[in-house]
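Those sequence lines, one after another, are chains C and G. Each residue of the first sequence is one higher than the one before, starting from 1 at the first, in the numbering used here. Each residue of the second sequence is one higher than the one before, starting from 1 at the first, in the numbering used here.
Calculated from the structure, these hints are not laboratory results. Even glycine gets a Cβ: it sits at the ideal position worked out from N, Cα and C. Some hints here could point you the wrong way.
[To be verified] Derived CB-CB ranges, DEER-like:
1) C:S12 / G:L292: 41 to 51 Å
2) G:K216 / C:E23: 48 to 58 Å
3) C:S12 / G:G195: 18 to 28 Å
4) G:L292 / C:P78: 16 to 26 Å
5) C:V73 / G:D118: 49 to 59 Å
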Amino acid sequence: MVKLLCICEEVSLEEVQRVIRDEGIRDIETLKRRLRLGMGPCGGRYCINTILRMYPQLFGDTAREKSDNELRVPPSRPPLKPVPLYVFKER
Amino acid sequence: MGSVEVAIIGGGSTGLMTAYYLAKEGVKSIHVFEEKYLGFGSTGRCAGGVRASFASDVHIKLMRESISRWLSLREEISGLEFVQDGYLWLLTTEELVEFHKKLSAYQNSLGIPTRILDRDEIRNLVPIELNDVLSALHDPMAGKASPLKFLWSVRKKLRELGVAIHEYTSVTDIRVSSGRARSIVVDNVKEIRVGEYVVIAAGVWSKDLLERLGVKVPLKKDPHHLLVTEKYARFLKPLVIHKETGSYVVQHETGNLLIGTEFPVPEEDTTLRYGYLKKAATIMSRYFPQILGTNLLRVWVGYYEVTPDHHPIVGAIPHTENIVTATGFSGHGYMMAPIVGEELKNIILEGRPRIPETKELRLERFEEGKLLKESAVFG
């Protein structure tokens with residue numbers, strides 16, 4: 001069974017573990033741009049939280065290297081929820 | 001890491017491409033230093049357009065070479081995406097049409113196959129409501145390259161080639177004695193000796209580092225907005241520009257639409273403006289009403305690092321032997337990164353660039369008052 005970590009962009013837990021291991025990714029910002037995790041309609045409100053909860057388990061020892069004690073959570077960019085473009089159209 | 005041979009400051013497209021071409025030549029001990037994550041500065045915020053249809057000799061010749069590198073990179077680097085779907089400039093006034101006829105003839109003379117399309121030809125190319133469009137300039141040689149795919153694919157390739165990438169590592173000083181960079185200081189505390197070269201490719205932040213070396217650079221931080229929509233079925237192949245307002249839309253292979261528009265704000269002001277969203281949605285939906293139903297996902301601001309003549313600065317720092325820079329791309333750094341990276345490699349390994357036009361990008365031109373000319377800067 002595939003465990004989806006990011007439902008919007010269909011990113012599996014297995015893929016996340018693979019790129020962390022094979023590509024030496026050690027922060028959420030890079031992980032996000034690598035797999036588009038958190039870049040879909042939910043804006044990361046589900047998957048980024050899951051990643052944060054699983055942080056030690058996912059990043060393990062690499063996370064503790066140097067001064068990696070801050071988690072570097074990606075900023076949430078506006079809008080809070082998807083808004084259709086017609087809302088902004090001037091009449 | 002007590003010493004390195006080549007220290008590249010800046011983990012954006014320019015720094016990464018420089019590392020790539022050096023590593024391909026077998027150079028060892030290449031270290032890339034990035035203050036945040038790769039692409040944080042400008043690369044990860046740009047729309048990913050690539051074109052040689054400029055209005056200056058220097059830009060056209062360098063971009064012609066850069067496009068040929070983009071085509072090779074696509075083969076050399078797994079995951080890197082470059083789609084040659086062209087650019088389409090919508091022209092809505094008689095003046096613009098006249099100017100672009102001349103521009104196209106000029107571009108043709110330099111080997112860029114642009115052409116003026118009439119309304120029927122435009123309709124055959126894109127699903128558009130023409131409204132006031134009189135004609136368009138089409139550049140079939142141009143294309144789009146997803147910046148995010150570029151970043152991860154090049155990162156992966158560099159690691160395979162043995163390049164060290166130091167993320168979240170800020171270079172705070174370059175120590176120079178007798179005209180030679182001897183070391184760099186990272187995170188204010190750690191000194192690292194540099195054996196061969198220092199490359200400053202830190203986008204708008206290059207200015208601070210150069211000023212520490214006593215070098216004045218006329219760089220301005222010019223904030224530009226960009227928005228992205230959800231993924232939709234692909235309907236738009238070329239990047240389309242509404243020339244009159246400097247607005248553009250591009251749909252990448254993922255299906256997301258990126259829409260930008262000229263929306264002047266004060267220098268260094270990165271506040272998000274509602275007015276930008278209004279302008280972008282209003283203008284582009286006039287021609288592509290389909291986009292009105294699409295959902296806005298995110299909006300952000302990124303910097304153009306602008307020089308007085310809208311041309312970059314590429315080459316050696318005056319009065320130093322082993323420091324080079326590439327900055328001031330005025331909104332074109334990403335598309336130029338492959339050729340600029342290769343030329344910095346040539347300067348480092350051979351002492352000079354291979355393309356004559358690169359020499360014109362030297363920093364000294366501003367002091368000497370020999371500015372280059374360009375009239376096609378937009379968005």
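Against the structure, the hints come out as follows:
no.	hint	in the structure
1	C:S12 / G:L292: 41 to 51 Å	violated, 34 Å
2	G:K216 / C:E23: 48 to 58 Å	violated, 40 Å
3	C:S12 / G:G195: 18 to 28 Å	violated, 43 Å
4	G:L292 / C:P78: 16 to 26 Å	holds, 19 Å
5	C:V73 / G:D118: 49 to 59 Å	holds, 52 Å
Going through the hint list in order, the structure does not satisfy hints 1, 2 and 3.
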